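When you get a sec, could you build the whole thing from the sequences and use the hints?
Chains U and D are the protein sequences, given in the same order.
Using our numbering, you'd call the opening residue of the first sequence number 1 and step up by one each time.
Using our numbering, you'd call the opening residue of the second sequence number 1 and step up by one each time.
Each hint can be trusted.
The calculated label-pair distances, taken between Cβ atoms and stated as ranges, are:
(1) D:His77 - U:Gln105: 46 to 52 Å
(2) U:Arg104 - D:Glu143: 23 to 29 Å
(3) D:His153 - U:Gln172: 25 to 31 Å
(4) D:Pro44 - U:Ser82: 52 to 58 Å
(5) U:Lys164 - D:His153: 26 to 32 Å
To list a few chain D residues with every Cβ distance to chain U over 10 Å, as calculated:
(6) Ala17
(7) Pro31
(8) Lys32
(9) Trp39
(10) Arg109
(11) Asp120
(12) Thr142
FYI, nobody ran anything at the bench for these hints, they're computed from the structure.
Only a predicted model underlies this, so the values are computations on that prediction, with no experimental measurement involved.
The beta carbon of each residue, even a glycine, is placed where N, CA and C say it ideally should be.
So the chains spell out like this:
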Amino acid sequence: MPVERLPGVQTGKGSDDDVLDVEEEVKRGILLGTLEKAVNWSRKQSMWPATFGLACCAIEMMATGAANYDLSRWGMEVFRASPRQADLMIVAGRVSQKMAPVLRQIYDQMPEPKWVISMGVCASSGGMFTNYALVQGVDTIVPVDVYVPGCPPRPEMLMFGILKLQEKVRTQGHLK
Amino acid sequence: MNAAELAERVESRFPDAIVARGEVTVIVEPPKLLESLEWLREEPDLWFDFLSDLSASDWPDRDPRFWVAYHLTSTRHSHRIRVKTGAPEKDARLPSATGLFPTANWHEREVFDMFGVRFDGHPGLTRIFMPDDWEGHPQRKTESLGGVPTRYHGAFIPPVDERLG
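Here it is as C-alpha cells:
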C-alpha cells in the first residue's frame, strides 16, 4: 500500500523516496526516527504564545486568535498570561523605551526553548517612529526569530510568520 | 463671562491680557506666578478651580527660552484662561504649582522630563515618561530628530540607518 511519507519521519529502510511501501514496516510494527525530530515536531505543534500586545498590532493578533482565523489550528490558541508557561513571545506593537526592560524581563522569565516573533514594522525597526520615545527594533534587546512586516500585518501575514517559525522549529531545533 | 469680558475683569491685575481666537492669555513674571494663580483661583467671580493642563514650549531664539503655560478652567463659571511664564535657558527654574493644584504634580514632571525645566517645591521631581537614566530632554528643539540609538543595560546599538555600513 503506497502512502505519503510523513515529513521528518524516517523508516528503517533509509529510502529517500517520497512514497514507500509501509506494509513491511507495519508488519514489523516499528517506525524509526530521531528523538530530535519527534521532540521538535511536538514543540512546533503546541507552541504557546505569551500575551504581549503593545499597540494596534495586538488587535490583529487577537483577531488571529479568534474564530475567523482560528490560531488553534496550529496548536497555538492558548495565549498564556504568565511567561513561565509560554514558548513564544509575539511582540505585537511599538516598544517604548520604558517598556524595554519589562519586555526583556518577560523574555528572561520564559523557559527554554523560546522563540520571538517581531510583529509589524514598529517592533522590527521602530517603523515610522524614528524618535526618542521608542526602541528602534526589538532585536536590539531580545533575539528575534521571525520578522513579520506590515502596519499592522493582517492575520494572514501573522499566520504566515507563525508557519515560518514552525518550519524553523521543526528543521533547526536542537536538543541539548 | 466671554473672553473679552474676562480680559476686562482681570485687567486690573494683568493689564496686558491678550484675547485671540476667543481665548484669554496673560503673561506673568515667574516670581508672581503663584500669587497670580492663587488670585485667579480665589476670586469668587473668576473661580479658576481646575488646572486643566500645564505644558511648555521651547523657543531657542527667544529670551526666556522656555515658555510654560498653565491652562485654568472654572468649573463653576465655565470659562478658561491661559497663564504663561518664561524660564531662562540657563538654570531654568520655576516655582511649583503643586501647592495650589495637586494635579500639577505629574504635569510638572512631564515638563521637567521633556524640557528640563525644574520646579522648586515639587514633592518628587523625577522623570515620568523617559527611563530614569535617559540623557537629555527630548522635546527641546536642540535635540536631534530621529536617528536615536538604543542604550540598554550598558549596550549601545546605533540608529537603524547607521547599522549597515
